[in-house]
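> In the order they appear, the protein sequences are chains A and B.
According to the working numbering, the stretch in the first sequence is residues 922 to 1208, in order.
According to the working numbering, the stretch in the second sequence is residues 922 to 1208, in order.
Calculated from the structure, these hints are not laboratory results.
One thing to keep in mind: the hints can contain errors.
Since the list gives no way to pick one copy over another, a pair counts as held whenever it fits inside one copy or between any two copies.
[Said to hold, decoys possible] Straight-line C-alpha distance at most 16 Å; calculated EDC-like pairs for lysine to aspartate or glutamate:
#	residue 1	residue 2
1	K1204	D1130
2	K1186	D1137
3	K1204	E1154
4	K1028	E1179
Protein chains: 2
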Amino acid sequence: MIKIFLVCCALFFIYPSESYGADDSLWRKLDLTNTVLLSLPQGKVVIELAPSFAPKHVTQFSQLIKQDFYNSTKFYRVIDGFVAQAGPQDGSDKDKSVDTLAIEAEKSITKEWLFTSVQDKDLFAEKTGFKNSFAMATNTLEGKAWLTHCPGVIAMARGNEADSATSHFYFVIGQAPRYLDRIMTVFGRVVYGMQHIQAIQRTAVIAGDNAIDPQDFTTIISMQLMSEVAKAEQLLIEVENTNSSVFIERLNKRRAREGAFFYKKPPPILDVCQIPLRSRRVKISTM
Amino acid sequence: MIKIFLVCCALFFIYPSESYGADDSLWRKLDLTNTVLLSLPQGKVVIELAPSFAPKHVTQFSQLIKQDFYNSTKFYRVIDGFVAQAGPQDGSDKDKSVDTLAIEAEKSITKEWLFTSVQDKDLFAEKTGFKNSFAMATNTLEGKAWLTHCPGVIAMARGNEADSATSHFYFVIGQAPRYLDRIMTVFGRVVYGMQHIQAIQRTAVIAGDNAIDPQDFTTIISMQLMSEVAKAEQLLIEVENTNSSVFIERLNKRRAREGAFFYKKPPPILDVCQIPLRSRRVKISTM
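For reference, chain A alone in the conformation it holds in the complex (with noise of 0.2 Å):
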């Protein structure tokens, strides 16, 4: 019984309504405009930006980034499993120069929007699936779809009005805080060295630990648009495609949890936030 209904599981999800299959490439060059090179002191990281779902909010990240806005900022709000959070001196007339930015935390979509199906009835939304290498979930009543706050994505932070976001920005160093959706803007995700946003200096601690002193919070060497960096400098990443058939497959063959490890098989269900999305690194371009 088992079996045929695992079997039926993964003939629903070999076809999902939501399927591509034009493009069925493994790997998706990153538009090196819309990739960010972050630098700090224990390594370097890639951010890949996402300005179909916030666009206004890319394009002033993107601005302040080649203002050289953020190079010597500092970390200042780092909370272990949960996130790592900078900005300016808050107050300060560089925070203070900033335009507020409307909230983008979720767009618009019509049934015809196409992405690729992960999980029916998520704890938190109707569905789930990845667009283009992003994690996302949608509630197609309301006609909404939104970048789901995932380890590893980068958000900006606000006050408590909604359309009260700056400059200061966070990463999901935990697990996901999906409660957060829908209300704080997603704008990008690391694709390459979240080990060392996990390095970054905690700024909180428990009761009866030391304080860390603010010298040692971790800051910002450089942020750079990866398109602005020289040649020789660039750090090239690709990234797995999730529209291509394979990556279904892929999709497929981990909910089904096949192979000898899997002796009592766990049920059919996928964390949009548990699926590793893979990167590669490809040689600099000599062209």
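For this one, chain A is given, so just place chain B on it according to the hints.
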């Protein structure tokens, strides 16, 4: 309407059927014979063991620790966002010297078994909750409870056979791999120094990147039962008592997401692996 719904939820969860009531202290001292001090080059980590869920694993692990078995062993399989695994050289005499363990990935419970309820119809379980500050799940029909694979848990690795674990263990360092629930024996969790676990050298690299020299793998300086550590060197941790009414109220508040920041309410859902449990450090006992 939404307000009424939330109030109903709150009322429901303030008086869960699984409530305690007898022990309302906010903090719980750890039993030092079931507490481990792990010294890594980057800092000290404290682990609470869970003999009530995995008695044989805890006994064997504790005995190995007493023999200094893990001192100088390496984290040889460290995958960012997944696990950091350590143990002796595969196939070495030391490795083969350890008895295999019968799996203890779940335990039988009666209907009267008490725990602090967190979420019904979790993606991977009928119910989730906390039992003595350990995140867990139950299936009441099957009469089973198990520790969930949340970030920070320690579990024993194994081969394909259920009863093949020996001494190799892993910490979960990324989004909860809940598909391992009930088929891998979780036997404790990190209660202090998780940032040092997150800083363990990754051993897996992406295609196109240079391999990591095994000489750079993170080495365990020492592992000791806290009860065997000299008093002056003990690191004494207390953890939040998840059986208390104060904690249950904190869960309710976390679910309700009151406060101006939540200009739009998230679903009244809690992921048992996304609830931070507080620890505090207490002064060295002078008794």
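> Now tell me, hint by hint, if it's right for this structure.
Right, here's what the structure says about each hint:
no., hint, in the structure
1, K1204 to D1130, "between (45 Å within a copy, 10 Å between copies)"
2, K1186 to D1137, "neither (46 Å within a copy, 36 Å between copies)"
3, K1204 to E1154, "within (11 Å within a copy, 50 Å between copies)"
4, K1028 to E1179, "neither (37 Å within a copy, 25 Å between copies)"
In the structure shown, a violation is registered for the earlier hints numbered 2 and 4, in ascending order.
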